[in-house]
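Engineer: Work out the full structure, taking the sequences as your base and the hints as a guide.
Number of protein chains: 2
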Amino acid sequence: MKKYNFYSGPAILPQEVFEQASKAVIEYDHIGLSLIEISHRSKEFTQIVDETQQRIKEITGLGDAYKVLFLQGGATQQFCMIPYNLLGESDTASYMDVGAWSKKAIKEARLFGQVHVACSSSDESYTYMPTAFDVPESSRYLHITTNETIQGTQMKSIPNVGCNLIADMSSDIFSRQLNWNQFDMIYAGAQKNLGPSGVTLVIVKESILGKLTRNIPTILDYRVHIKDNSLHNTPSTFGIYVMLLTLRWLQKEGGLAVMEQRNKEKAQLLYDAIDRSPLFTGVARKDSRSDMNVTWTINKPELEDAFNTLAKDNGCIGIKGHRSVGGFRASIYNAMPRAGVELLINLIDDFSKKHG
Amino acid sequence: MKKYNFYSGPAILPQEVFEQASKAVIEYDHIGLSLIEISHRSKEFTQIVDETQQRIKEITGLGDAYKVLFLQGGATQQFCMIPYNLLGESDTASYMDVGAWSKKAIKEARLFGQVHVACSSSDESYTYMPTAFDVPESSRYLHITTNETIQGTQMKSIPNVGCNLIADMSSDIFSRQLNWNQFDMIYAGAQKNLGPSGVTLVIVKESILGKLTRNIPTILDYRVHIKDNSLHNTPSTFGIYVMLLTLRWLQKEGGLAVMEQRNKEKAQLLYDAIDRSPLFTGVARKDSRSDMNVTWTINKPELEDAFNTLAKDNGCIGIKGHRSVGGFRASIYNAMPRAGVELLINLIDDFSKKHG
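Each protein sequence line maps, in turn, to chains S and C.
Residue 3 in our numbering sits at position 3 of the first sequence; the count goes up by one each step and never skips.
Every position in the second sequence, counted from 1, becomes a number in our numbering once 356 is added.
Heads up, a few of these hints could be off.
[To be verified] Reference excerpt, derived from the structure (chain C facing chain S, CB under 8 Å, subset only):
1) Leu425
2) Gly429
3) Cys436
4) Gln547
5) Pro552
6) Leu576
7) Ile582
8) Asn670
Derived by calculation from the structure, the hints in this document are not laboratory data.
The beta-carbon is built from N, C-alpha and C at its ideal position, and this holds for glycine as well.
Structural biologist: What follows is the structure, given as C-alpha cells:
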C-alpha cells in the first residue's frame with residue numbers, strides 16, 4: 001500500500017529525491033565511490049556546495065550581499081548563534097512570541113542581551129499570528145517565526161520594520177513567494193522542505209555581522225563559515241547533497257510560484273473538509289492558518305485514538321498532533337502530493353459521516 | 357575498476373554499510389517510508405538510537421555512569437562545548453599540543469578559562485606524540501588527541517593523570533582496544549571509523565558535569581542532551597543510522613580485538629614498504645606512527661605529482677597529503693580492506709624501483 005508521510009519533520013521529500021540519494025550512497029556520479037565517503041574538500045563535493053548555493057540564489061533572487069551557509073545543529077543552534085553574533089550585552093533585540101519555537105529563541109537571546117517582546121499570541125494559546133509589531137527604534141533586530149509547526153499558524157504578511165529582520169523559516173521555507181530582499185537573515189533546519197535532518201540553511205546579509213566586540217567561539221561565528229564557504233569544519237555532506245536534489249526538483253517543477261499555488265490548494269481542500277465536519281475543529285484562527293501544518297481537534301475525544309488508527313491503517317502516517325496541543329496535525333510540505341491530502345480528506349469525511 | 361578510498365574523512369565505510377544505507381533511503385525496514393523522512397520521535401527511530409547506544413556500551417564495556425550522545429558540529433563544536441561545560445573562568449585545564457587539531461581545541465578553551473600546555477611536539481613539527489605530561493594538580497581536566505590525522509601520529513599509551521581525562525578520538529575511535537574506564541569523556545566526529553559526516557559521538561561520565569555556575573546555551577549543554585537522550589533537537593537521523601550499521605559490522609567482524617589486529621597488520625605492511633623504498637620517507641617518528649593515517653614524503657619532489665597520478669589511475673583515491681605537510685597520506689581506517697593497502701604497496705614498490 002502506498003503510504004503518505006504527514007510527519008512534521010523529518011518529513012516527506014520527493015520520491016525521485018529518495019531514489020537519487022539512494023543511488024548516490026552506493027556510487028556518486030560514476031566515480032567508483034559512495035557520496036558519503038568522499039572528502040568534503042574533493043572537487044566533486046565542492047561542486048555540490050557551489051550548485052546548491054547557486055540554486056538558492058536563483059530561487060530567492062538574492063545577490064552577492066547575501067551569503068548562503070550550510071551549518072549543523074538545526075534552528076536550535078541558530079537560537080544561540082544569532083544573539084551570540086548580533087546582540088551585545090546592553091543591546092535589545094525584539095522577538096515575536098508565537099509559540100514553543102519562538103519561546104526557545106527568546107530564552108537563548110536572554111543569555112546574551114535584552115529581549116523585547118514585539119508581539120505575542122499567548123493570550124489565545126498561540127493559535128494566531130499577530131500582525132501588529134511593537135519594535136523599539138534601538139532594536140538590533142526583529143526575530144520572527146514565519147510558521148509555527150505546533151499550533152499550525154503561519155504569517156500571512158511580513159512586517160516592514162526599521163531594524164534588521166531575521167526569520168526562522170524552518171517549517172515553511174521555499175513554500176511560497178516572498179520578497180526575499182526584505183530579510184537580513186533567513187534560517188531553516190532542512191528537515192521539512194529542504195532535505196533530511198542534520199543540515200541547517202542560513203542565508204545572511206554579510207554587512208550585519210562583525211558589529212560586536214564579544215569573543216565568539218569559532219564554530220558559532222558566521223564570519224568563519226562565510227570565509228571558509230561552509231567548509232570550515234566537515235559539514236553533513238549527505239544532507240547538503242539531498243538538499244541539492246530537493247532544490248533541483250523544486251526548480252524543475254516550476255519554482256516557488258508553483259509550490260505556492262499547490263500548497264494553497266492542498267491546504268484549502270483540507271481546511272474545507274475540517275470546516276464542513278461536525279466532528280472536527282481547526283486549531284488555528286482562520287486568518288493565521290498554516291499551509292504547511294494543518295492542525296485540528298475532535299469534538300468527541302473518546303474517538304481520537306480511533307481516527308488515528310483509521311488514518312494509519314489507510315496509509316496516512318504521522319497525523320497525531322503535538323503532545324502540547326493534542327488532536328491531529330497533517331504536515332503537507334512541498335513534497336506532499338495532492339493525492340495524499342485527498343486520501344486524508346476522504347477519511348475525515350467518512351469518519352465524520354459515521355460518528356458526527 | 358575497484359576503487360579504494362584513502363581520504364582522511366569523510367572516509368571509507370564497509371561496502372555492506374553503503375548497501376544497507378542505500379536501501380533504507382528508499383524504504384526503512386518494510387514500513388513503506390524512507391529512513392530519512394521518518395520522525396526522530398517515531399518508535400522506529402528511537403529504537404535506532406537505543407540500539408546504537410547499546411552497541412557502544414557493549415564495545416566499550418562502559419557502565420551506566422557514562423552517557424552516549426549523538427550531537428552535531430563535529431569535533432570543532434566539542435572544542436567549544438568542553439570548556440563551556442567544564443572550565444570556569446578562573447579554572448585551568450591542561451591540553452596536549454600535538455598538531456592542528458589540538459591547537460584548535462586550545463584556542464577555544466582560552467575563550468573560557470586558563471589553558472596549561474601539558475606537553476608539546478611543536479619542537480619537531482608535530483611528528484611525534486609526547487609521552488611525558490606536566491599536569492598541575494588543579495587542572496580541571498587533561499585534553500588529549502589520541503590520533504593526529506595531519507602528521508599521522510598516534511598515542512601508543514594513555515597517561516594516568518590525577519584529573520578528568522578527555523579524549524578527542526575523532527580519527528582512531530574503535531580502531532583498537534583501550535581501557536575505556538580510564539576516560540571521563542571521549543568524543544569523535546563520525547566521519548572516519550563510525551559513519552558519515554554530520555554526527556558526533558560523545559561518551560561522557562555524567563558526574564563530571566554541572567560543576568560550573570556559568571549559563572550555558574541550551575544546544576551546548578551536555579546535560580540537556582543527556583536529559584533528552586540526544587533528541588532535544590532533531591539529530592542527523594541518517595548519520596546515526598549509518599553509525600548503527602557500521603557498529604553492527606564492527607561487532608559481527610569480531611569487535612575491537614579483530615579491528616586492532618587488522619589495523620596493526622595493514623599499517624605495518626605499508627610502513628615497511630615506505631621504509632624499504634629509497635624514494636619515500638615516513639613523516640611521523642617511528643614510535644608515534646599512526647595505524648590510521650600513514651604519512652610519507654618523496655625524496656624527489658619533482659615526482660610527487662606523478663605518484664599521485666599513478667595512485668589515482670590505479671584506483672587509490674585521496675592519497676595527496678594535507679597541504680600543511682605535503683607528500684602523501686593514506687588513511688586506512690577499520691573499513692579499508694587489506695587488498696587496498698596491498699594495491700598501494702605494489703605501487704610504492706614499483707614506483708620506487710623505477711625512480712629510486
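Engineer: Of the numbered hints stated earlier in the document, which are not met by this structure?
Structural biologist: 1, 7 and 8
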